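The listed protein sequences correspond, in order, to chains A and B. Quick note on numbering: our numbering labels position 293 of the first sequence as 293, and the sequence is numbered without any gaps. Every number in our numbering is 298 more than the matching position in the second sequence, counting from 1.
Errors might be hidden in some of the hints.
[To be verified] Calculated pairs, SDA-like style, for lysine to any residue (alpha carbon to alpha carbon, straight line, at most 20 Å):
no.: 1; chain 1: B; residue 1: Lys573; chain 2: A; residue 2: Gly112
no.: 2; chain 1: B; residue 1: Lys435; chain 2: A; residue 2: Gly112
no.: 3; chain 1: B; residue 1: Lys586; chain 2: A; residue 2: Phe242
no.: 4; chain 1: B; residue 1: Lys435; chain 2: A; residue 2: Lys144
no.: 5; chain 1: A; residue 1: Lys104; chain 2: B; residue 2: Glu681
no.: 6; chain 1: A; residue 1: Lys91; chain 2: B; residue 2: Glu577
no.: 7; chain 1: B; residue 1: Lys573; chain 2: A; residue 2: Gly40
no.: 8; chain 1: B; residue 1: Lys435; chain 2: A; residue 2: Lys216
no.: 9; chain 1: A; residue 1: Lys144; chain 2: B; residue 2: Asn394
no.: 10; chain 1: A; residue 1: Lys91; chain 2: B; residue 2: Asn578
no.: 11; chain 1: B; residue 1: Lys612; chain 2: A; residue 2: Phe242
no.: 12; chain 1: B; residue 1: Lys612; chain 2: A; residue 2: Lys91
no.: 13; chain 1: B; residue 1: Lys667; chain 2: A; residue 2: Leu89
no.: 14; chain 1: A; residue 1: Lys216; chain 2: B; residue 2: Asn578
no.: 15; chain 1: A; residue 1: Lys216; chain 2: B; residue 2: Glu681
[Unchecked claim] Quick look at which bits of chain A chain B covers, simulated, 3 or more residues with Cβ under 8 Å:
no.: 16; segment: 199-205
no.: 17; segment: 222-232
Calculated from the structure, these hints are not laboratory results. None of these values were measured; they are calculated from a predicted model. Every residue, glycine too, gets a C-beta built ideally from N, C-alpha and C.
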Amino acid sequence: MNLNIVKYKYFYIAFSLTLMLLGIIFLIVWGLKFGIDFTGGTKIIYNVNTNEVTSIEKYVPKNIKNGSIIELTKNQYQIQTPPLSQKVLTKIENNIQSKFHLSKPQSITTIGPTIGSELTQDAIYSIIIVITGIIIYIGWAFRKVPKPANPWVFGVSAVLAMIHDVIIVFGAFAILGHFFDAPVDSLFVTAILTVIGFSVHDTIVVFDRIRENLIKTKIINFSDIVNNSLMQTLNRSLNTSFTVLLVLSALFLLGGITIRWFAVALLIGIFSGTYSSIFVASQLLIIYNQYKERKNGS
Amino acid sequence: MRKTKKFLIVIILLYVISILIDIPKVQINLKPIGINFNHTINHIAINLKSVGIDYVNNLNPSLGLDLKGGSQLVLLANVSKIPQSEVSSAMSAARNIINERVNLYGVANAQVYTEKYGNQQRIVVDLAGVKNLNEAKKLVGQTAKLEFLTLKPNINLQSIVTPTIPLQDFNPKTNLTGADLQNATIVYPQGSTTPNIQLNFKSEGLSKFSQLAKANVGKPIGIILDNRVVENPVINSNLASGVTSSPVISGNFTLSQAQTLVDQLNAGALPVPVKLIEENTIGATLGKASIDASLIAGFIGIAIILIFMIWNYKSLGILADFALILYALMAFAIFKIIPITLTLEGIAGFILSIGMAVDANILIFERMKEENIEGRSRKSVVELGFARAWNSIRDSNVSTLITTFVLYILGTSQIRGFAITLALGVIVSLFTAVTITRSLLEIFYIK
């Protein structure tokens, strides 16, 4: 099998830019449904074993702004409130428990209002340090690539592809949050960090092959070398992503309500990670190379 | 030939040891099907006492609150007024005091530990049960009630068999309370190594104590913390003329006993002010549901991978499957040995590492397919496949390890749980994919 993948490089980049732009628009228009990990507040989960499934909403005080109640699974409800005093919380709990003859909620989580901003700050720090670490590692690991290829361009392309994947997942969660109440919580942060790890992992496998072919081949047609490398690693990319996606599907279908959205974020991110290794990271290498050649030629 | 046989023995040994560590505690009763067999099987435990090393590990899996149910309270300590050099000792004193309060209250299996998160000093209280959570919450943040009580008349001290005098034998009230105490410290009398406890009263408190001492020479004074008698020292006869300096409780205390008593006496005032910032309660049923769900998802996920590998790579796939199963068994055994507390995030990290373990095998096999050209021996195909796939395996896994390292350093406890299982998974998978798969290929494929 031999396709000329790199021929349409500008098309792929335009496509990815469009997707990212759409994602950013959704993020601006709809925003994300931040969980209490970020906003602070209380989350209570009840199992209600009655048929009055519609009426539980009556017992959440109307005066609480930004409070929500959603059905997680059959007969399981999650009540989310902004930070409240212990008194008000106890009142809500008592209200619901006496109406539905429940002894205790399934779970209660309360997070102080100051935690959220720290979590955001820490997540941003982590991401910046991860990005720096990866660029340095790739720059070092690829230090032997023959000229005109530049080891730092490999690092930066891998990171750009990874940022692409992160924006896609964020955009997807703006849509999923708007229509299905998909929450952005600390598990989502974990998912994003995993996507970062996998995206770079996948890109490096492709880049390693490009490096090997660059060293092995004497004819310097960069774009052909990239294309051949992509074809040679295609089977592996598809097989690996396929197995990981299968495992994640199992996690999504059977893993229980608590990690369902985590599995969704990973499914989207890992699909995007595989796609971007081929259609973003590698194409960026060629675009940079052609730009360099044109500059040197003129 | 001899080398490959040795490898095979090592692989079988690794299998056996991992299985012995991993098997859960289950009762097998075959009576209903007519076989006389009813035993409880259990995993092995490590006890190095017999060889002189003080190390015992019962190898029970350690589960996080989200899986076993329970409550977690996170307290933020305000250390802004404490000199940098004293922060850690103040934190551990606060931890001991909170621990004392929680255990005083009778919450079984409470674990209290300090945690540094970013610039924050935190104290985390893990409660295994969810009973009386609101009371427990009040307890950790509140000041404890410390009282000094005098003995009721007509109490026969000889008839008391308990180590401390029961609470009902004391008068209900005196005018001396914890509010009169500045603090308590450990002191050593001159020329002695036995610790004593010095009570530093506020000036008004000291005169109250002096009154109390005069009236009770030769009698015990009850030190009561939250309605529990912690100590009942006897007033020495040389205090009969009154007390002018800080009184000292002497006794045959060990240092740790003395430290506990000091913590109890200081319990009225935590060395650092704390604030409850986070609370998490998971019902036992929800925890059970989560663990069942993720176990099923994990098993099915692994089963899908095993089938996929055989379908895609035929007999090579079977060899890879043996390496993958060993990978999963070894990783879980290592989690139990260290031990790693398993949480939902941790299980997710482990499942993801399975994906990366498979990737290493796929990289090797795809490379072997490419190198399998006319005229090459199976031996050189295997060697080239491994040698050329190694760069990709190394670079991709190192980048994952960089990510997990940063997550572990900067993450919250949940994210740490994820990072550590993923990192260990990646390290074990590097070992099994390269060593075990290769040995199996050399034994069964090259022959």
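Hint-by-hint comparison with the structure:
no.: 1; hint: B:Lys573 / A:Gly112; verdict: holds (10 Å)
no.: 2; hint: B:Lys435 / A:Gly112; verdict: holds (14 Å)
no.: 3; hint: B:Lys586 / A:Phe242; verdict: violated (30 Å)
no.: 4; hint: B:Lys435 / A:Lys144; verdict: violated (60 Å)
no.: 5; hint: A:Lys104 / B:Glu681; verdict: violated (61 Å)
no.: 6; hint: A:Lys91 / B:Glu577; verdict: holds (17 Å)
no.: 7; hint: B:Lys573 / A:Gly40; verdict: holds (15 Å)
no.: 8; hint: B:Lys435 / A:Lys216; verdict: violated (67 Å)
no.: 9; hint: A:Lys144 / B:Asn394; verdict: violated (56 Å)
no.: 10; hint: A:Lys91 / B:Asn578; verdict: holds (18 Å)
no.: 11; hint: B:Lys612 / A:Phe242; verdict: holds (17 Å)
no.: 12; hint: B:Lys612 / A:Lys91; verdict: violated (63 Å)
no.: 13; hint: B:Lys667 / A:Leu89; verdict: violated (63 Å)
no.: 14; hint: A:Lys216 / B:Asn578; verdict: violated (57 Å)
no.: 15; hint: A:Lys216 / B:Glu681; verdict: holds (18 Å)
no.: 16; hint: 199-205; verdict: holds (count 5)
no.: 17; hint: 222-232; verdict: violated (count 1)
Hints 3, 4, 5, 8, 9, 12, 13, 14 and 17 from the earlier list are contradicted by this structure; the remaining hints agree with it.
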